[in-house]
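Asks: Here is what each chain is made of, one letter per residue.
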Amino acid sequence: MNEHQRNIIFPANICVDADFKILSIGPVAPRLIHGLKSGGYLFDYVACGHPNDEDYLSSVSGSDKLVRFEPKGAGSAVVGWVVPSESGYILAVRISPDKFFLDGSSLQISDFAPGDPYVHGLLMFTMQRAMIEEQKALTIELSVSRQKTENLLSRFSRIAGFMAHDFNNFLSIIRLNCDRLANDLAEDERLLRLIDIIRSTAARGSAITRSLMTLSNQREDTSLPVPIDQLIGENVAFLSAAAGARVTVAVDLRAPGARVLASPTGLLNCVVNLLINARDAMPSGGTISIKTFPKAHSATDHDIGVADNGHFIVLQIVDSGTGMSEEVLARAFEPLFSTKATGNGLGLASVRDFALALGGDARILSEQSSGTTVELVLPVWSRTEDPTTNRFSDVGQDATGMGDPAPVKILVVDDEPYALEALVELLGAAGFEVTACTSAKAAEAELAVRTFNVLLTDIVLKNESGTDLAKLAASRDPDLNVLLMSGYVPIDDQLDPKWSFVRKPINTQALIETIRSL
Amino acid sequence: MYGMIHRALRQMVLDERGEEVWSSIQRTANVGLSDFISSATYPDEVTQRLLSTSSEVLGQDSGKMLEQFGQFWIRYAEASSFASILAFTGQDLVSFISNLDRMHRTIEDVMINARMPSFSVLAHDVGQIRVEYRSTRTGLAPFVSGLFLGLLERFNLNGSVSLISEDSKKSIFVIHYE
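Residue numbers (the numbering used here), protein chains in the order written: chain G, 1 to 518; chain Y, 1001 to 1178.
Just chain G, with the same shape it has in the complex (with noise of 0.2 Å):
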């Protein structure tokens, strides 16, 4: 092995005479033993850590012992053999790192030989450290933007849910005026059927404004006292929508006005689920039944709880589809159980979890061939009612001329005067006395005048709040019914359990049949 190949294949190399006189280094031993030169004595530079380093070197000279040479002064050490030659000896050695890491460290691919596997194992390491450290800088990166886009949505949602709520309250005027106009136009077919035209497109606008409440996060799940057989009514079109055009859906509304406090699109939800079970047990076709009845708490009744009133209302989702077998019937409340191939097992689970968060149950009646029934047994909302201060019920009813001769005094309070005005005449046509103001102080001035039976307001009220009013009211007069109407469905917990709330726009009709049920 000529000097040439020798500094390729141990670019360290050392080669010493006899004597241990340095007589030539390879290219990279300076760099790796600092100050080592030809013509210094070996041992100046390096220690084999034997008490004579030289009979050592000598021992070893030729055989396959590996030697480790450390630097005296600055440096790294070197590991190799020592083999003999003409003129003494070679040390064949080459750097040996402590450890697989370059941080810090002067280390280059040149101090090492052509194919030292310590180069590929270096690099390994360096490069995976390198790539956590890339895939922490990485996490972070998207946690930043995930947060920007977070800011960036809810800003959209903010601005996107006041657009919705000011637009519905435009809606809400010109449905009132439509209301107005009604009244004026009896007689006339063609103009009530303009109106009518003008009112179901304002209707259909509303809709909108609610989609975009509800993309905007503006709450849909307050729970409300809902006229269960009217919510089933008004969605016939969406309900069979839901069970498919291969399935007939007939409705047998029995509980005219019974009300259940509850999420009306949760109970919507609960309803539709239960129709794509039964539409799913009837693959070719037929007839779902969508029931309602009332029915007194009774002593088999243990495992509903029980209502204020003691009263419940049954909602039947009846199939005439393959039906359960015991086993099936048996685990068909499961979370996570399902028969079908796709399912996941969690629309049954949700809907008794519903009916029993709301004081219910849920029950299935099935036989295999027969069909089944699911029904949902949920208690009646009523208010607690004093019989000696409940003057108004009746006062509601005098209101339209059916005996006590005193009128139902409201406060109405509305910032947008096109809508006041409308509610004013309308309620008066009713036979309410309205007392109309635009603003929470105008309204807390005539409160602190006089007295009124209801307190009829919009919740959002310019740079001032319709439900901080209402509490102001009803602690001045616990016997005042607050009333709240507003685009956006109210916070449960910023509601008193005794208000009621109307929603915008509003249907004139439903409000003083509102009102006069208070």
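Note that these hints are calculated values from the structure, not bench results.
Keep in mind it's a predicted model, so treat the numbers as computed, not measured.
Among these hints, one or two may not hold up.
[To be verified] In silico EDC-like pairs for lysine to aspartate or glutamate, Cα to Cα no more than 16 Å straight-line:
no.: 1; chain 1: G; residue 1: LYS471; chain 2: G; residue 2: GLU444
no.: 2; chain 1: G; residue 1: LYS295; chain 2: G; residue 2: ASP361
no.: 3; chain 1: G; residue 1: LYS148; chain 2: Y; residue 2: GLU1020
no.: 4; chain 1: G; residue 1: LYS148; chain 2: Y; residue 2: GLU1016
no.: 5; chain 1: G; residue 1: LYS471; chain 2: G; residue 2: ASP496
no.: 6; chain 1: G; residue 1: LYS65; chain 2: G; residue 2: ASP55
Could you slot chain Y onto chain G? The hints should help.
Replies: Chain Y alone, transformed into the frame defined by chain G:
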């Protein structure tokens, strides 16, 4: 190509033209955050799209932009988690270029789908290095020129880079430096 290239391009645009310009490039090139994972390899088509969109939006000749990007790439790698690998590859211009292939082989071992180029120092005299560049990709000679300019900068050398021959398999560069 691998995601680190995408990240470097993004950084270059951000440094020089700001966030708005980068957002515009990102939208036009139809890429998202998932196209910027350092350790992932992406189809060349994505990288090409990013490069051509950048050159369009920046209003720069694509060759000039590639050269600028090559130069930036060295600065970017120096400042990244891979800095110690760069230092290990070589502490002078000749060693660095001579050892690039060994470094690239390791990257190929780590990132299975990565296709790395090859660099050979054909000759070197004082003040001049002749380098052969081979790649299965075409059209990246300006990028390689930029890389060499970046290396001159890294080793505090003044100099220039000339492409003296190019065919479908290889390109020969001469790097002059003081």
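Asks: Taking the hints in turn, state whether each one holds.
Replies: We went through each hint and held it up to the structure:
no.: 1; hint: G:LYS471 to G:GLU444; result: 11 Å, holds
no.: 2; hint: G:LYS295 to G:ASP361; result: 13 Å, holds
no.: 3; hint: G:LYS148 to Y:GLU1020; result: 15 Å, holds
no.: 4; hint: G:LYS148 to Y:GLU1016; result: 22 Å, violated
no.: 5; hint: G:LYS471 to G:ASP496; result: 8 Å, holds
no.: 6; hint: G:LYS65 to G:ASP55; result: 14 Å, holds
Hint 4 alone, counting from the list given before, is not met by this structure.
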